[in-house]
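Asker: Each protein sequence line maps, in turn, to chains A and B.
Mapping the first sequence onto this note's numbering, position 221 (from 1) lands on 205, and the numbers just tick up by one.
Quick note: to get this note's numbering, add 6 to the position in the second sequence (first position is 1).
Hint data in this document are derived by calculation from the structure and do not stem from the laboratory.
Heads up, some of the hints might be wrong.
[What the hints assert, rightly or not] Subject to a maximum C-alpha distance of 20 Å in a straight line, what follows is the list of computed EDC-like cross-link-like pairs (lysine to aspartate or glutamate):
| hint | chain 1 | residue 1 | chain 2 | residue 2 |
| --- | --- | --- | --- | --- |
| 1 | A | Lys363 | B | Asp254 |
| 2 | A | Lys(-14) | B | Glu225 |
| 3 | A | Lys363 | B | Glu261 |
| 4 | A | Lys367 | B | Glu376 |
What you are looking at is a predicted structure, and each value in this text was computed from that prediction instead of being measured.
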Amino acid sequence: MKKDIYLDNSATTKPYDKVIESISYINKNVYGNPSSLHAKGLEAEKYIKEARSSISKSLAVDSKEIYFTSGGTEANNLAITGFLEANPRNGKKIITTKIEHPSVLEVYKHLIKKGYIVDFIDVDDKGIINLESLKKAINDDTALISIIYINNEIGTIQPITDIVKIKNSINREAVIHMDAVQAYGKIKIAPRKLGVDLMSISSHKIHGPKGVGALYIRKDLKVNSVLIGGGQEFNMRSGTENVSGISGFGLAADMTCNKLEENCLRCVKIKEYFKNRLKEEFHEDALIVSPKDSSPYILNVSFSNIRSEVLLHYLEIERIFVSTGSACSSKKNTHSHVLQALGMMPERIDGAIRFSFSVFNSIEEIDVVINTLKEILPKINIKRGGKR
Amino acid sequence: MKKVILVRYGEILLKGLNRPSFERKLIENIRRSIKPLGSVKISKSQARIYVEPQVEDYDFDEAIDLLTKVFGIVSVSPVWKIETDYEVIKEKSVIMLKDLLNRKDYKTFKVEAKRGDKSFPMNSPQICKELGGHILETFPELSVDVKKPEFIIYVEVREFTYIYSEIIPAVCGMPIGTNGKAALLLSGGIDSPVAGWMIAKRGVEIEAVHFYSYPYTSERAKEKVIDLAKILAKYCNKINLHIVPFTDVQLEINEKCPQDDLTIIMRRVMMTITERIAEKVGALALVTGESVGQVASQTIHSLYVTNSVVKMPVFRPLIGMDKNEVIEIARKIGTFETSILPYEDCCTVFVAKHPNTRPKIEKILLSEQEANLEELIDKALENTEVIVIENK
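Just chain A, same shape as in the assembly (with noise of 0.2 Å):
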């Protein structure tokens, strides 16, 4: 059987040997209730101080800065309906961009319906928020803006620089969330440096177990829980932790991070190689979708003529996992809303496939990748033979 190329590393990411170790030495020997009393509870709770002092070191932010929750999806919700509802009289308008992954535009979409007010602000043909617009939307109303640091399917770093600044010469109260899941142990992020007051991460997208997550929630913002119950996390999630999935996370984020510059460099070569190989063989039927100055860690192609999901199948024949912008339905719109927001045509759009790396991968499977797409794109060509 053929060794897998795992080429899908946005959606997930294989975890490290160490760390499913170490999860499976906790669940057998570290079973206690962190909120225990007794000796078995402490031992436990250990691993999460740990854990904590792992992440937070990661973010150059306090230990006290970060809320464990079951991953990015909660952290975006907690951040959004639990700092609105902690701060009512902060405004009423909210900012955003079109290309947030679902579990912000989602919530958004949801609290309109309550009465707030969103703003879903352009990207230009890169993917790049348009900063003119920015500015005309912040008003002295604006409580709360979301912005995508890395976006999943595109890669596009948003100047976050930039967006803080516009904010603090308009309005300094409105309070800014990042949903920084692609951008965490990926490229180096100092929140509290770049003026960022909610920032969501996730552990399965740095080889870490999947179910778990943080917010970093700067010190003195008040953000209410959304889960309620026993009083965990400091009042911020109620739940009996996961104790193993959120030290696994600290262990995949100790391992990450420590090497986030060799990673990242490795997966530039990686992605230009591949960038260079597709141009060579394909020319103008490989558009590279994703920018120039994208994540190292992602690169969206759109290939000529072809339905992506076809591809994904031939190529999973191949052992090669991929995602793709849309799905081969004929009875709904299934495009991706971030490549749309691109202004990209619906036929690049049916042909758009996203590669995603992780540090496991190598320039040598990239020339299988490559030679495997020779062979396939002419055959599941749309436009080959055909009387039209």
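Once you have looked at the hints, place chain B on chain A.
Answerer: Chain B only, in chain A's frame:
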């Protein structure tokens, strides 16, 4: 006092000399359907079937739910089987009523008695009157309404006496296995599972045939069809699902034949392959979920062209139905939620933008000759995977 399930059947009573074989099949199907719930004794008497559990704590609710899905059954009732003795009847009726009134907020009732055992000292009107009176005394909140009662207490006096008040309608139809076999073209949509169910309801065993276009569709599309077949198997006991690899045929048609005729030629090949499978497994008809005019391939012209490629009769039980009527049945039989999952059974690559709604057979035959289909059809049949889906 024993709780049993009374099963009534209808249409097969009208059968003449064949009736015993229909009854045997029905009993066999009943036995298979409720087998997982524990051992039962099944007996037949005076055109009724009695199911007597032989285990403690029998799950009657589940058994009744399963039995209402067995084709051939008209209705079922949970019944108390008691000694034929008026004192016992009185006492047990009260126990049964207490249980019923705990669950339902009924106010009016009547008693209906049938005396099969003529040696019993009271006649039917007497039983009604005496028992009704006793119930009124015991449950002062109840009153009698002989015209429109909210519930009826049935008392049947035979060798044993049976009392009950609930009659739960079942699916009707004919016992599976009494009307031969048909091959169903099963897609992942709403219609074809309903069509299969309707034919199975008439006692016909179903061989399901699915055309699978991987990698032009996802493996989830196949999983979805397996799930649909599993739901159908709840009614049919067992379904053989034939998964026909169809990609090469579609690619050939797509490449060689005129765009606008794609769908119609594809449908013709599907019918051809299904008929070949039917011949192999001993099925004598094909079943499709087509409804006249619903889509381009289902106009009367298209149906004529697709039909003319096969010799076997093609059953289209939904032919005169509207979509919402089909959906109603799909909901009732439990296939709807699975059918509307988003995984497509046919990639849009193979869907013509402007399909021909008035194809002419002469022209289609010519178009079809452009493609080299014979060999590909043989290959598809050769590589067909059969999944046996049993109701568990």
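Asker: In ascending order, which of the hints set out earlier in this document are inconsistent with the structure?
Answerer: Of the numbered hints given earlier, the structure breaks none, since each of them holds.
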